[in-house]
Amino acid sequence: MAIKPILHVIQRDFSYFFRYKWWIAGMLSMNLADLFIMAVVYTNMVNPNITKEYVSYFVFFAPGLTITALFAAAFMIGREINMEIRREISHYMLSLPIRRFELALGRVLAGGVRGAIYMAPLLATTLGITYLYTGVFPNTLQLLTILLALFLVSIGTSGLSIALALSTTSFEKYITARGVVYYVLFFCSTVFYPMPLIRSALPQLALIAQYNPLSCGADLSRTFLLGNPPFDPLMLVDIALFALIFASLATLAYMKVTQK
Amino acid sequence: MISLRRVWTVAERDIKMFLRYKFLLIMRAIWFVAQIALFGLVVNQMFRQDVQNAVGGSYFNYYTAGIIITMLYSTAVFIGYDIYEEADHGVIEYLLSVPVSRKELVLGRSIGGGLRSFLYVGPMMLFVLYIIGVSNVLQLLAAMSSLFLFTFGVAGFSITVAVSIKSSDRFDILMGVTDALIVRLSTTLYPVAYMPPYYKGLASVNPLSFAADLFRWGAGLESAALTPPLLATFGIVAFFSLFTFLGIVLHERRLEGGGWQ
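Protein chains in written order, with the numbering used here: chain A, 50 to 309; chain B, 9 to 269.
FYI, nobody ran anything at the bench for these hints, they're computed from the structure. One thing to keep in mind: the hints can contain errors.
To be verified - Covered by chain B, per the in silico footprint, the following chain A stretches (three or more residues, Cβ under 8 Å):
no. : region
1   : 79-92
2   : 112-122
3   : 244-254
4   : 263-274
What the hints assert, rightly or not - BS3-like mimics (lysine-lysine), calculated; alpha carbons at most 30 Å apart, straight line:
no. : chain 1 : residue 1 : chain 2 : residue 2
5   : A       : LYS222    : B       : LYS111
6   : B       : LYS111    : B       : LYS174
7   : A       : LYS70     : B       : LYS174
No residue lacks a Cβ here, since even glycine has one placed at the ideal position from N, Cα and C.
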């Protein structure tokens, strides 16, 4: 396995990402609307006992915003790959002087890099908000841990979206499947509400919410930015497993499907 | 002279076309279930008792009614995407050649876009009404007739934007941004009373606020936080009239001449 061809694939997909400047502008405004409108209003309505460990709902939600953003950006690679398969652009990709494994791995990593880059300004916003409200700024090691965790979530999400995209040639079916995954993963996570609340409102789904990589990503960020929930190394293991499983699955599926 | 028969023919065609989007419709239904069964149930336990009292006793009921209005809005907007689909396949030129005037065409499309949205959201609306429990049927019927106008207005709005910008990418993003802002800056998810002052003004004149509060009033949700029904009805009539008029004017002027991207 050579690194250079993988970097070429990542570079290509990464430059393609900036073609969607309208999409990026739209997504950014939606993410910011969630934080600066919805979270601000909810802060005035939430029972303070529920968010007392996090200053306010606004501060609690800020790290969740980073996850929302990176998930949406990383998921976009699946839409492109689904389109490439339908329009047989994948045949052209196979004609490139790059081994299939390198091509497949490069695409999964590219999706992850896209998510991480898109999420960066929102992470900076989150850091600013949490610093403003709590006066706490993570040290270098904590910041690197957050970045690593978010990058792994991004890679896992990219793999998940590619695996979904390759499971059907129908764009509509892909969109439907994406919708199901998206809503289940987000609403059964701690992105929007803390874990004790999920345990009390939806005890049947508490286990999914606890091991959901989006929950682990959001809670790990909160651990270092807000001091709660306490750090649990299992969160990192959970995220790493998510990234490993879906990156491998997507790589194998991509190699198999493009050769059909 | 506008022929109602021809207007209905156009509307009927749009209603039939809607069934082609079966996967998108399934996705919207999944979104509805997830919003209510997951997000709604958890968020309901997150709010203070005074909030629950202010919204009529249960935030969950308040929220589900709001979700119905966001569903009506997002499905009525589909008509704009249809216009781009037709431009892409050259169907617009065909539509311009049929013996239907431009006014009839856009009026039919507004009505068709609104009606199909109502037909699709209908079963979910019944489910939500079952959860809330209807206390006054006449009140509900009055609210429903205004909601019909609301969906026609949204369809007219979508047509107006689609024929104004003539670029599917920009339309897609603009509708996404509009959706994000118009829903969050309305009373579909929360009452005006809990919004910061800088959002209150926009939320108070937002057509989604009028529609959501009118639906809640029709369903019998007694709450001081709602917009008065007469004011809400007036707001919806104004919204419908403005965008149906704009839709007709712009449709007539800009539909011909190509330039679709």
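What hints, given by number in increasing order, does this structure fail? Of the numbered hints given earlier, those the structure breaks are 2, 4, 5, listed in rising order.
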